[in-house]
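K.L.:
Chains as they are written, first to last, in our numbering: chain D, 1 to 375; chain B, 1001 to 1162; chain H, 2001 to 2288.
Mixed in with the good hints there might be a few duds.
Below, in silico cross-link-like pairs of lysine to any residue (SDA-like), each with a Cα-Cα straight-line distance of 25 Å or less [stated by the list, open to error]:
#1 H:K2153 with H:G2179
#2 D:K107 with H:A2031
#3 D:K104 with H:A2031
#4 B:K1013 with B:N1003
#5 B:K1072 with H:D2165
#6 H:K2269 with D:P248
#7 D:K17 with D:R5
#8 B:K1018 with B:C1120
#9 B:K1072 with H:A2031
#10 D:K104 with H:R2108
#11 H:K2213 with H:V2182
#12 B:K1072 with H:K2153
#13 H:K2213 with B:P1015
Which residues of chain H face chain B? A few of them, derived with a C-beta cut under 10 Å, are [unchecked claim]:
#14 S2035
#15 V2101
#16 G2131
#17 I2132
#18 Y2151
#19 G2159
#20 A2160
#21 D2181
#22 D2190
#23 V2199
#24 M2202
#25 W2203
#26 M2224
#27 F2227
#28 P2238
#29 E2240
Keep in mind that the hints were calculated from the coordinates and are not lab data.
Since we're looking at a predicted model, the values are computed, not measured.
No residue lacks a Cβ here, since even glycine has one placed at the ideal position from N, Cα and C.
In case you want the letters, here they are:
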Amino acid sequence: MPSDRLPDIGSTITIEKPAFNLLLSRLKEEGYLPIGPRIKNDSLIYEEIESLEDLPRGYSTEQKPGSFRLVREKHARYFDIIPGSHSWKQFLFPSRVELFTLRKNGKGWENTTQPAEIPSYAFIGVRACELAAIQIQDNIFMRSDFTDPIYRARRQRVFIVSVNCTHPAETCFCTSMGTGPRVKELFDLSLTELDDVFVLTVGSQLARRLMTGIPFDDASGYILTNVEHRLNHAEQQMRRRLDTSDLPELILEHLDHPYWNEIGKRCLSCASCTQVCPTCFCWDTQDEMSLDGKTAKRTRVWDSCFNPGYSHQAGGNTRPTIYSRYRQWMSHKFGTWKQQYGTLGCVGCGRCITWCPAEIDITEEIAALRNEVKR
Amino acid sequence: MYNKAEVTRELQKIPWFKEIEPRHLEKITDIAHLRHVRAGEVLFREGDKEDFLYIVIEGRVALDIFVPHRGKVRIYTAEPWDLFGWSSVTPTIHQRTAGAVAVVDGVVVGIDSAKLRQLCEEDHDLGYLVMRRLTNIVASRLLVTRLQLIDMFGSPEEKNAK
Amino acid sequence: MTAIAPETAKSHSGFLLEPHWAEITAITPEADGISTYWIRFTDPAEQEAFRFEPGQFNMLYLPGFGESAISISSNPQDHEKIGHTIRFVGNVTRAVSRLKVGDIVGLRGPFGTYWPMKEIEGKDIFIACGGIGLPPLRPALYHIIQNREKYGKVTLLYGARTSGDLMFPNEYAEWRKAGIDVEITVDRGDANWNGRVGVVPMWFYQFRIDSRKTAVLTCGPEIMIRFVIFEAMARRVPSESIYVSLERNMKCGQGSCGHCQMGPYFICKDGPVFRFDELQSFFNVEEF
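Bound conformation, chain D alone (with noise of 0.2 Å):
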């Protein structure tokens, strides 16, 4: 095999995993800062990764309402994780980012902001969940009539190695979502693994250049009908069902329905699950003053429509009670959302039902809510 051929656009080949090392040099010789799944003090985080081996080799994920634990398997395979708490939105749209820094100047004030340091990340196994999660934040901060510069200037440089799902945890519920497991369009690379070899499409003219000199072959008939089989298997594993045929009506003709004082009682009011959720995108501003009240500093950070301020104004509290706040939620991800940016606001990844202490499910709770409402 000739080492200068390189692989057309939309091509699948294979390379010997090992071979992927060489793949995250070229992309850090490139600029790009990887990222990926490793196991931190026994929890699963996105953290910036060296080489294949931070990757979580041998391990599964245990996924149930209120619990996730990591399982050391006999396999070797690198992507059977399905991710943690992390999601990619704390890359693009930072927890906590400053915002600019003001220093007083005889009566006004100057802005003496440094310039941000923003990485060029390279995001390796982002799951078809998350790309869809990617996209409807890219439709959130980057309007046609709005652009957020924060997200933009971070999310413009993204390279994404997407990761075909061919293990899904029991929380999952992308295939009815119509997001998953399959990864279709946005990356740069798309990989499967297989026991033995990766295989990649190339989605991108800088992907294909990154191959340049890495070995590969042509994905052969035998390969990509293995890679098929595996992601039927996949959506066949898929147990969980959240039925959208009647989203988002059934939640926005039903907002007095009893059955919100229900959950309410049960949520916690935590947010949880609005911090792990790939697609909430609430933000508060934090303003600081030095004590000589010579520097103020504006800093941006998440902010859940659960917390209890996050409603306040000079009137009152808009929703003062639990269920008010989950019923603001939840009609937001399956109802609202559609209005505000033409998709639903869930991707079915399932991390609010895994992270949620008190073990609601969101796919339950919609169903049990339709039947409810049937009554």
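Got chain D; can you put chains B and H on it based on the hints?
P.N.:
Just chains B and H now, with coordinates in the frame of chain D:
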């Protein structure tokens, strides 16, 4: 005193009286009088015996309650075609529960409450119309009172600050 | 080994929430705990370029304290100064209350939808507002006065808690002279108050309106708005002719931070002024 024709003419301007049959209107005007009031003139005080139901024809009449240390608190003002002193027509309360004062020069029609009550007793057709009108008035007063009670211009912050 | 691409300060659309600076040129006390702050941008070009429509708001910024959404209460044709009538109830506005003439504040805006002054030309206008709901309507009143011939009968029904809480009392005579029927009511009167005592929705009932050609504009406490709408609908004013200005917690003014949502709307960008038929299905849902 004003003549009966004048009272009839004033009452007939009021939409509600248009529903009343001439024979009933006749009976009401028999027990009604027209009264010119000057700004500041007191029509009745809290605790007075209830004698008349009033309809404002012109001007503005304020209802007030005396609150020790706060003085007179105006709780409502009646404008043309509005009623005040309505509780005099219900047989349970015998004293004025608020005072009434004309805040500008004006004209009111006073209807003898005891006699009106008697008319309603004798002729329930008339009684129904009168009571229906009073119920509307009471309902509207209740709404006003509720909204005042809510103190809609207040804010929780203000209350906390105090 | 990780290359960092420096982001220049003014790349893209600049800093998120970056304020423009303005100087307080005058402060007019309006009522207990409420004053109007008159400001001018420190950059004359910015002052020259600033235009707003009646009903829009600015985000007022105090370094170290934060921002607060304040509706613009001044004459839209006055390009020399911008008025913000502020009630001191939150952290930011309480800090504003300590400012003096000559102090500098940050400003972003104007934001939001506005009163439909163009669409309602030729109609009668019934304005029902209460308390601090008058300031966002004052620019509309100025507009009406400047274009009086374009509108039919114009009534302003305004209520406040007490006579001392009434905004802009010195201007009522001028508004009346310009052909606006100014009707005032207070929740509670004292022996010196010879005006009306009662509440705005109830007085609304006393006024004759031609429901087919009247536009109702309302702003004030949400509870008052609810009853005004109730009364307007009872009078057969179509919901398409009722306009409401709403208030919610706002942080960005650009429909981005999420706080001011009401159903599908971001009040800061899709509002604050709504035609009531757009809101109808959400308006009476409790705590929504």
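K.L.:
All the hints need checking, so say for each whether the structure fits it.
P.N.:
Hints, verified against the model:
1. H:K2153 with H:G2179: With Cα atoms ~8 Å apart, K2153 (chain H) and G2179 (chain H) stay inside 25 Å; holds.
2. D:K107 with H:A2031: Violated, at about 28 Å.
3. D:K104 with H:A2031: 32 Å, violated
4. B:K1013 with B:N1003: 16 Å, holds
5. B:K1072 with H:D2165: 19 Å, holds
6. H:K2269 with D:P248: 22 Å, holds
7. D:K17 with D:R5: 19 Å, holds
8. B:K1018 with B:C1120: 18 Å, holds
9. B:K1072 with H:A2031: 22 Å, holds
10. D:K104 with H:R2108: Cα-Cα ~19 Å, so holds.
11. H:K2213 with H:V2182: Answer holds: K2213 (chain H) to V2182 (chain H) is near 19 Å, not above 25 Å.
12. B:K1072 with H:K2153: 36 Å, violated
13. H:K2213 with B:P1015: This hinted pair holds, its Cα atoms lying about 23 Å apart.
14. S2035: Hint on S2035 (chain H): violated, closest Cβ of chain B at ~16 Å, above 10 Å.
15. V2101: 26 Å, violated
16. G2131: 4 Å, holds
17. I2132: Nearest chain B Cβ about 8 Å off; hint holds.
18. Y2151: Violated: closest Cβ of chain B sits about 25 Å from Y2151 (chain H), beyond 10 Å.
19. G2159: 8 Å, holds
20. A2160: OK, holds: A2160 (chain H) within 10 Å of chain B, min 6 Å.
21. D2181: 14 Å, violated
22. D2190: The hint holds - D2190 (chain H) has a Cβ within 10 Å of chain B, the shortest such distance being about 6 Å.
23. V2199: This interface hint holds because 4 Å falls under the 10 Å limit.
24. M2202: Nearest chain B Cβ about 5 Å off; hint holds.
25. W2203: For W2203 (chain H), the interface hint holds, since the closest Cβ of chain B sits about 8 Å away, which is under 10 Å.
26. M2224: 5 Å, holds
27. F2227: 7 Å, holds
28. P2238: With Cβ-Cβ at 23 Å, over 10 Å, it is violated.
29. E2240: 26 Å, violated
The structure does not agree with the numbered hints 2, 3, 12, 14, 15, 18, 21, 28, 29 stated previously, though it agrees with the rest.
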